[in-house]
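Residues per chain, in single letters:
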Amino acid sequence: MKSKKRKGYSLFSVTVLALFSFTALAPIALVLLNSTKKSADIVRNPLALPNTIRVANYIDAWNSAKMANGFKNSIILTGLTVVIVVIASTLAGYALSDRQTKTANGIKLYFMIAMTVPIQLFLFPLYSILSQLNLISNYFAIAFVLTAINMPLAVFLMRTYFLNIPKSIEEAGRIDGASTVSMFTRLMLPIVSPGMITVATIVWLYTWNEFLLTSTFMQGQDNFTVTLSYRALNNTSPDYGLLMAGAIIIIVPIIMFFIIIQRYFIEGLVSGSVKG
Amino acid sequence: MKNRKIWFALPALIISVSVVLIPAIMTIVTSFTDFNGLDLNLYFIGLQNFREIFTDKVFIKALGNNIRWSIIYMSVPVSISLLVAYLLCKLERGRNVFQVIFLIPYVLAAVTNAIIWMNAIYSPVSGLLSVFRSAGVNIPSPLSSVSGALYGVAIVDIWHYWGFLMVVFLAAFRQTPYDQVEAALVEGCGGVSLFRYVYFPNILPTFKLMFAMVAIFSFQSFDYIKLMTDGGPARATEMLSTYSYRFAFNMFQFGKAASVAMVMCLFGLFASVIYVSMSSSEEYT
Chain A
-19 MKSKKRKGYS LFSVTVLALF SFTALAPIAL VLLNSTKKSA DIVRNPLALP
31 NTIRVANYID AWNSAKMANG FKNSIILTGL TVVIVVIAST LAGYALSDRQ
81 TKTANGIKLY FMIAMTVPIQ LFLFPLYSIL SQLNLISNYF AIAFVLTAIN
131 MPLAVFLMRT YFLNIPKSIE EAGRIDGAST VSMFTRLMLP IVSPGMITVA
181 TIVWLYTWNE FLLTSTFMQG QDNFTVTLSY RALNNTSPDY GLLMAGAIII
231 IVPIIMFFII IQRYFIEGLV SGSVKG
Chain B
10 MKNRKIWFAL PALIISVSVV LIPAIMTIVT SFTDFNGLDL NLYFIGLQNF
60 REIFTDKVFI KALGNNIRWS IIYMSVPVSI SLLVAYLLCK LERGRNVFQV
110 IFLIPYVLAA VTNAIIWMNA IYSPVSGLLS VFRSAGVNIP SPLSSVSGAL
160 YGVAIVDIWH YWGFLMVVFL AAFRQTPYDQ VEAALVEGCG GVSLFRYVYF
210 PNILPTFKLM FAMVAIFSFQ SFDYIKLMTD GGPARATEML STYSYRFAFN
260 MFQFGKAASV AMVMCLFGLF ASVIYVSMSS SEEYT
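Chain order of the listed sequences is A and B.
Letter 9 of the first sequence, counting from 1, is numbered -11 in my numbering, and no numbers are missing.
All you need for my numbering is the position in the second sequence, starting with 1, plus 9.
These are calculated hints, taken from the structure and not from any lab test.
The reader is advised that the hints may include incorrect statements.
Said to hold, decoys possible - As a list, the in silico SDA-like pairs of lysine to any residue whose alpha-carbon atoms are at most 20 Å apart:
| id | chain 1 | residue 1 | chain 2 | residue 2 |
| --- | --- | --- | --- | --- |
| 1 | A | Lys88 | B | Arg13 |
| 2 | A | Lys18 | B | Phe216 |
| 3 | B | Lys14 | A | Gly252 |
| 4 | B | Lys99 | A | Ser1 |
| 5 | B | Lys217 | A | Val250 |
| 6 | B | Lys99 | A | Leu(-9) |
| 7 | B | Lys14 | A | Ile155 |
| 8 | B | Lys217 | A | Lys82 |
| 9 | B | Lys66 | B | Arg244 |
| 10 | B | Lys217 | A | Met95 |
| 11 | B | Lys70 | B | Tyr160 |
| 12 | A | Lys18 | A | Pro7 |
| 13 | B | Lys217 | B | Phe261 |
| 14 | A | Lys82 | B | Leu22 |
| 15 | B | Lys99 | B | Phe216 |
Unchecked claim - Residues from chain B shown here face chain A by an in silico Cβ test under 8 Å; the list is partial:
| id | residue |
| --- | --- |
| 16 | Ala119 |
| 17 | Ala257 |
| 18 | Met260 |
All of these numbers come straight from a predicted model, not from anything done at the bench.
Glycine included, every Cβ here is placed at the ideal spot set by N, Cα and C.
Extracted from the complex, chain B is given alone in its bound form:
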């Protein structure tokens, strides 16, 4: 009788297994073949795909870009959202209005956000940057410069994303027991030390979880890069996600696409392992 309940999970499992698990296993298999997406006679070539991508300059460049991108992601939006969430948590009124404002970029589509920024902000023809032209200063779009493109895209992606982190941190801050805050206030704790010794330790489990999530998902970033620069200029914003996509759908090298996707997975796995070991070591202390 009681065992029957678990069968309720079957529809969700069937959907997930057929869309995610089975194709994922096929990806792992194809990463050892020269599959082109059409010819179903698979030819196993061992580790050749991996050997080739690790000597491929574009792949190495993409990997470097991914790491830079993740470092930006694990610092900038995380600090902004912590600061703003903390300020909002102390706010007595209007908290909800701010929450809604900060979430608006998060609930809009990547397509519209990317195009808005390209046309209305970055464009030296129609955007905010063109205002400086009348003053005689020509500012080119950051997206067209090799050194600026990655940051140009990151600004838009972070603009869209940080509100989500903020809302989560705010909810966690608000769970801080009030007697702890009061005791600290009596002790003369203010602003920064109140944050450091009372609020932050209270949200630490949530913070760790979100930090791990940001690490994992920033490594998979795709939408804004595809939409705004598509890896350019001169591969300055190429990421593993866009590179594997290009292997599959522009070059029809599904085997290589699969091997790049597997490298992406390994990094996610790495972040997950660190997270799990961090949270389990905590349970014993």
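Chain A on its own, in the form it takes in the complex:
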């Protein structure tokens, strides 16, 4: 009786899980299937297997979307952002991990608010300022902006890693007469380095995929990130095969990166959100 019930339950659960797995992957699989077809073949039947494998779709998509340039811009912009976020949030996480002081609580509250306000609350004056200063499409300026939107989450994540360090370690350091700076670099950094990797992976993916700020501030085809160049391709190219191949070129590196770093990424999502 009991085992029968168990079996029924697991059949239901297997069906649901299979269904959602299918839904998650099917659109991507369909794009992959069509990425080597001629445009006319896709229009005839998008579900049919390709009768010829056209690698040319990939080459054409790469060239007409100027993806080499797009990847270069994405890597520079994302790389700069990740480096600044990791450094600043590690420092701030350490600062805020202390016993509750009024200043620390105030800063925490500030970051909490900064995390939840809509980008439109600061976007328009920011745009005016950056265009007055001639900084639109400037890597460093825009990375600085992207840094700021990632900062609150990164600070809270780093703070939880510092909170997990036993107080006795810090106290032992103090007894040995270590200064705040040397204690931070010699004692704390090695312990929180997995946290820094977590923050780096999360910020990398969020920044790579960011759309609102990047599309507003990185203007002109030469300054487009890889996702923006793909968007431009979609607006200009009538060839569906090309568009599908272009999507795969952008998707595959991200999926591979995600599979490699998934443990850190998932840990970051969770410790940023789970209470208790």
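Given chain A, work out where chain B should sit, using these hints.
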């Protein structure tokens, strides 16, 4: 000596204050002016921007769309992710593989996700919907219909987003103390009642937090709408986020853009206040 530690927060604060706080204050100021983004001689017009947007039919329409969107968001992805997280939590093997599969749409860019769905699924020319054409049935893209566009975009946004909620809920479910589960099993608790009386109460703090987050962020949705319909057709998917963006960058009415952004903020604030009051009332019981 001890006070010196707090200074480590300075770089992060400087970055955030210069990008977020100072421009945000400027937005609040400009919402009372007729600033056009260029002419720096600000002319204060009091509450005129707010009076105008609240009599603006498009604004009211956008506000309604925002509320519909948030209701969809606070129900559909939340229930799907709770269900799947619960099922995964009971799964003995393969949990991690499913987790990775469900997160793949979440880690892909909005640009590629939106374009994939438009071309490979919704398009009546090249997409899945075109398959029905050979059977003699013409199904138009939901994105081109006034009644379907909002749902068409919501499906894609939710497809991309729910995996994130699921991962968070799963982690919370797994923290449920095993002795509680065992005791309930001994009492004859199964499936649904085990969820209702043991697992769900255990994840309630996380659930409330995520629910508040979904409420706040769903009100700010921008990417998928901008990419897939840009507010159309006939404003059927216009949101406050896209409308304020349009005010600023298409009509150069930065003052109005600012006032719409402030209304968005008020809703976020509303959700935050409810959340904070919910969690603080809990602490006293």
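Hint-by-hint comparison with the structure:
no.: 1; hint: Lys88/A to Arg13/B; in the structure: holds, 17 Å
no.: 2; hint: Lys18/A to Phe216/B; in the structure: violated, 47 Å
no.: 3; hint: Lys14/B to Gly252/A; in the structure: violated, 23 Å
no.: 4; hint: Lys99/B to Ser1/A; in the structure: holds, 17 Å
no.: 5; hint: Lys217/B to Val250/A; in the structure: holds, 15 Å
no.: 6; hint: Lys99/B to Leu(-9)/A; in the structure: holds, 13 Å
no.: 7; hint: Lys14/B to Ile155/A; in the structure: holds, 17 Å
no.: 8; hint: Lys217/B to Lys82/A; in the structure: violated, 26 Å
no.: 9; hint: Lys66/B to Arg244/B; in the structure: holds, 10 Å
no.: 10; hint: Lys217/B to Met95/A; in the structure: holds, 17 Å
no.: 11; hint: Lys70/B to Tyr160/B; in the structure: holds, 16 Å
no.: 12; hint: Lys18/A to Pro7/A; in the structure: holds, 19 Å
no.: 13; hint: Lys217/B to Phe261/B; in the structure: violated, 39 Å
no.: 14; hint: Lys82/A to Leu22/B; in the structure: holds, 16 Å
no.: 15; hint: Lys99/B to Phe216/B; in the structure: holds, 18 Å
no.: 16; hint: Ala119; in the structure: holds, 5 Å
no.: 17; hint: Ala257; in the structure: holds, 5 Å
no.: 18; hint: Met260; in the structure: violated, 12 Å
When the structure is compared with the earlier hints, violations turn up for hints 2, 3, 8, 13 and 18 and for no others.
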